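Given the coordinates of chain C, work out where chains H, P and F with the ligands should sit on it, guided by the hints.
Residue numbers (our numbering), protein chains in the order written: chain C, 1 to 328; chain H, 1 to 328; chain P, 1 to 337; chain F, 1 to 337.
Heads up, some of the hints might be wrong.
[Said to hold, decoys possible] To give a feel for the contact side, a few chain P residues facing chain H, derived at Cβ under 7 Å: (1) Asp30; (2) Ser37; (3) Glu40; (4) Ser71; (5) Phe310.
Treat the hints as calculated values from the structure; they're not laboratory data. Remember, it's a predicted structure, so these values are computed and weren't measured experimentally. All C-beta atoms, glycine included, are put in the ideal place defined by N, C-alpha and C.
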Amino acid sequence: MSLPKEKLLRAYRQMKTIREFEERAHAEIMNGQIAGFTHLYTGQEANAVGVCEHLDNDDTIISTHRGHGHCIAKGADVIGMMKELFGSSEGLCKGKGGSMHVADMEKGILGANGIVAGGPPISVGAALAARIRKNGRVAVSFSGDGSVNQGTCFEAMNLAVVLKVPAVFVIENNYYSEHTNISYAVGCDDLKARTEGFGFPVFVADGADFFSVYEAAGKAIEHARAGNGPAGVFAETGRFHGHFVGDPQTYRAEGELDDLRENSCCLKNFRTTMQASGELSMEELDAIDAEVMTLIEESVSAAKAAARPTPEQVTEDVYINYSGQASA
Amino acid sequence: MSLPKEKLLRAYRQMKTIREFEERAHAEIMNGQIAGFTHLYTGQEANAVGVCEHLDNDDTIISTHRGHGHCIAKGADVIGMMKELFGSSEGLCKGKGGSMHVADMEKGILGANGIVAGGPPISVGAALAARIRKNGRVAVSFSGDGSVNQGTCFEAMNLAVVLKVPAVFVIENNYYSEHTNISYAVGCDDLKARTEGFGFPVFVADGADFFSVYEAAGKAIEHARAGNGPAGVFAETGRFHGHFVGDPQTYRAEGELDDLRENSCCLKNFRTTMQASGELSMEELDAIDAEVMTLIEESVSAAKAAARPTPEQVTEDVYINYSGQASA
Amino acid sequence: MSEKTMRDAINEALHQAMAADESVFVIGEDVAGCNGSQGEVGSVGGVFGVTSGLYKTFGPDRCIDTPISESAIVGAAAGAALVGMRPVAEIMFADFIGVCMDQIVNQMGKFRYMFGGKSKCPAVIRFASGGGFSAAGQHSQSMYQVMTSFPGLKVVIPSNAYDAKGLLLQAIRDDDPVLFFEPKALYQEACEVPDEMYTIPFGEAAFVREGDDVTVVAFGQMVNRAAAAIDALEAEGISCDLIDPRTSSPLDEAAILESVEATGRLIVVDESPPRCGLTADVAALAADKAFHALKAPVKQVCAPHSPTPFSPELEAAYIPSVEKIQTTIKELMAQSR
Amino acid sequence: MSEKTMRDAINEALHQAMAADESVFVIGEDVAGCNGSQGEVGSVGGVFGVTSGLYKTFGPDRCIDTPISESAIVGAAAGAALVGMRPVAEIMFADFIGVCMDQIVNQMGKFRYMFGGKSKCPAVIRFASGGGFSAAGQHSQSMYQVMTSFPGLKVVIPSNAYDAKGLLLQAIRDDDPVLFFEPKALYQEACEVPDEMYTIPFGEAAFVREGDDVTVVAFGQMVNRAAAAIDALEAEGISCDLIDPRTSSPLDEAAILESVEATGRLIVVDESPPRCGLTADVAALAADKAFHALKAPVKQVCAPHSPTPFSPELEAAYIPSVEKIQTTIKELMAQSR
Ligand SMILES: Cc1ncc(C[n+]2csc(CCOP(=O)(O)OP(=O)(O)O)c2C)c(N)n1
Ligand SMILES: Cc1ncc(C[n+]2csc(CCOP(=O)(O)OP(=O)(O)O)c2C)c(N)n1
Ligand SMILES: [Mg+2]
Ligand SMILES: [Mg+2]
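Looking at chain C on its own, in the form it has when it is part of the complex (with noise of 0.2 Å):
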């Protein structure tokens, strides 16, 4: 697969920028200067940046309570997601939502989702309000090994085909559901084979591989977006990190956590592609580490420099306009 120069910087950047987003997360976190339950995105870096490349404002994703990296990749502000995650009023959610809620309406994501397969649903409505309308958008969701395994997720499913809805289901396979293999908790032999019994193509991709993604996407999106009703993706991955921050990762193999960093890392394989095709020189990736490294260190200095929320805005944006009056 051949991509413009343009669009293969702009993946890299945004792979790059999930990476190093999450891993000053995850220090800030040790720090105790992000509160809250945290969840990691690095080491699946590709998943999302090889759907959302496909996608414009218009078309929606909607993600999971490990959210960073697929806001990011659909385009969020890094800085105002940093000053989220740091619980101030000038964060993307005004420090209301936090990780597990970042979103942005106007970036077509309709956010981060604190219950697992809280989103697929939702996200048939988008699209199903895009297959009333006749725009031509498509809506994704994200979902994770285990989440699949909750009935709001095959309930999407199912009714996503019976209406015939551009929704696009992403299964992201990082193998665990927090501390619980994929091997225990999908009872089937063969997660792909049972998504694609509820009546719509899957397409499998290297999770760990850019242009893998980018292509099953592709493909997926496409049938969506033709009007052929739902697609999937199914990619395989695995996260660098803990099921939150902290966990002791005891369901580990020997060496998983090595040999994952060292043999699953989509920005090592995205620059060995580079490096062979000769699209991309090494300087030029260089130069956009560092331009994403000062990115970072600027949304982090700008989130410890920016507004605190005070006590009245508890009670703000609960409703547009609720005439009655509350009773406490």
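For chains H, P and F with the ligands alone, coordinates are given in the frame of chain C:
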């Protein structure tokens, strides 16, 4: 398939009892004698009986909103059931449950269920208990073609595979969920395949033919009882009445109901088979018919004469022991 | 203007809202009916017939049947609303909130807050609620009291056809997510309902009766019963304010408090069980904010702490009756300090 | 007897109940942990570590990991209980009731009634509830107020390690379905907890402080804060009863009413939002049954009608603080008639 005469007589009696119970309930609803929402099983009798003839008291079933047939097949007292439908305090559930909640723990009937797909998760629990106790029991849940699209049903199927429990999922495809055809509501083309995709074998049956259901259910139940995890039965069938009493049935094709009663009647089919094989005589079956009619007549007289509940009973049976006081 | 049943008034509101605004559509189980069958698609209009005719008038993109998948139905409404549509989803029975509560409470109801006020989710979910049909434990709950607990949702409970139409048109126009509970015992009740479109604002109670001695606040199905109880007591010289809040969230606290300030006595009537319900909610409001005006204990008339029974006699004893409301009013008058 | 955290006290109760009764088993997401992986199965014990060690002691038939399928988890517990087991299911966060409410409310909680008193469903469902972790809108709700609405369920809310152990042992022994809410902010709080098994009956409140001026009723996480507020006010000559109901269903009405009869003043404290909550429920109880003893408005101290915010500052302003409780007590003393 050849069965002992005893078994054959019993199977016919059970099917006939369900048929006449339902037809009589229908009449009494039209009369205004039975209140509430009642869903009749007429036409599907062979499913319930073909399955339950493999079960004994310690095996469990859990049924649906269309529960009379399953309950009778599993041994519920017909008079107690009729009293229940009439809302008597002598009813099987003291008039508190009615048609949608007929249950009998002693007979292993974990209840009809008013919530579509409410049953399968509960049945997995009963199956899990059997697995833990290693007592050789199986737990059967009944679902309709509409019910299989509910999230809880999918969750139950996957969990049953994961825990490798002796749960048997019986899917009765009567082609409609209320007013909607399966060809609309189930998005995929092959519901059996979608179900098998969860990781267990599904045995197909002709739901108008006792012997076909008996054979398929036998395989599924044997599979589960032997410790191989869950199994399924998929039976095509037809209901002779509307979804509920009073349903205008605008979804029917012309002549559909006549055709069903003519060509998909399990009682007729049973008689034809017996006539061909000579295993039972028509006189033997006629004698059963007469006995069943007497029983149903008796059940209605008993129900009409039975005690009515008193207002104090409203607050009884909520808890086994509730030491605190309720506020009202 | 003509007499219309609540069912017809709601149906009319849906027709008018859909004609007026292209972004309004209806989705749910059998809201059209007969899809996939050889029968006539669109000939059903929901099990209670409330969406009758919508499919025929507005076609398959605006009146959408679904599988039995309540979470997906609510999710689909929520998602479509987030991107600018105004869906009206039907969940057949309010009891089925059990299988889709997350999508209502944790998703639809919290988007705006979690997203820092930067999203809008103008979805309406309609439910048939409450008792009166011998429908037993899983098809008779009102559930609106539970939904009132959750910030981010608005909760509407019409008690007559006129209000139902005006409140539903407001709900569809409203930019916040709205749960619309239709007491199914009232579907056949009729009153004068204007033919044209009109809205009733949320958070404004209706004064159904005016009087001096007791304030009676009643919700949904109980409004008629409370009115009957009050009318019967007139002969005995007892006169009551009867307030129908119409929306439980927002709640018209001012109207209730003003009345209690004047009467000094409060009875709250609802068909739900007592614990953490609307009767307690309104009683507690008065015990705080109208305390000094109170002359007598604040009484709750509601169902007992039991599931809804099937048997007609049991259900009749379960749902508050006109007599029970009447007796409570009389006792209260006797008990005042 | 030794100091134990609430987490350890619950863990000990589980170990002891499982050792004492073969029909008790634990089921939930990662309650063992690491199933299917190359790591050590049983090395997790739930995300909060509450079920640690159970897998190693009791094996795979008694400590059962599941997929992320909360409805199926609750259903499995309910079904196993119906046939004679005593399951203890873990639903990680109380907020996830959203995805399994039907199985709790319409199934488990109603079997007995719908089946005419002829079934028994001794299942326990444990939840981590409440705020304090900056876990935002979908991981911070208490939810027990909502569950209290539903007849057929018992609802337990321990406020300290001692009660948690005794109440959980009672819950497991209890023949009715029990929902057990563990305020997650208290997992690390320790107190003296006996090593042996003991039970605390349901429906019996604890008197945490005794005093004359004000009755304070507080639930769960709020009990400690109320105690701190009360202790600080002693110096100012204000003395309060502090009642921890420990179970909201059944509720020890007698204890609350007796205290209010004596003090004439009531404040109810809970961390949930106000509408149709436990603060209203208890306030309404007093406004009815202790009305003539009341000297002042009944006050509710609770969260505002908003979802739980993420930012630590916002969450601190959201959950009732010691100061807020203290101020309310003082205002109440000033306001009495
Ligand atoms: C309904 C619900 N159940 C449980 C959880 C707790 N939880 C959060 S993430 C997670 C695991 C999700 O696994 P997977 O879908 O594979 O996504 P991953 O974490 O691997 O990205 C669980 C169980 C939740 N947030 N929501
Ligand atoms: C959760 C839920 N949703 C909707 C309903 C209303 N309802 C009752 S039966 C039914 C159709 C069920 O269809 P199917 O599973 O095919 O069973 P059948 O009626 O054909 O026996 C529906 C939608 C319900 N009872 N519960
Ligand atoms: Mg995973
Ligand atoms: Mg059917």
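Each hint, compared with the structure:
With its C-beta approaching chain H no nearer than about 5 Å, P:Asp30 sits inside the 7 Å limit, and its interface hint holds. Interface hint at P:Ser37: satisfied, since its Cβ lies 4 Å from the closest Cβ of chain H, which is below the 7 Å cut-off. This hint holds: P:Glu40 has a C-beta 6 Å from the nearest C-beta of chain H, less than the 7 Å allowed. With a least beta-carbon distance of about 6 Å to chain H, the hint placing P:Ser71 at the interface is held under the 7 Å criterion.
Checking P:Phe310 against chain H by beta carbon gives a least distance of about 3 Å; that is within 7 Å, so the hint holds.
Of the numbered hints listed earlier, not one is contradicted by the structure.
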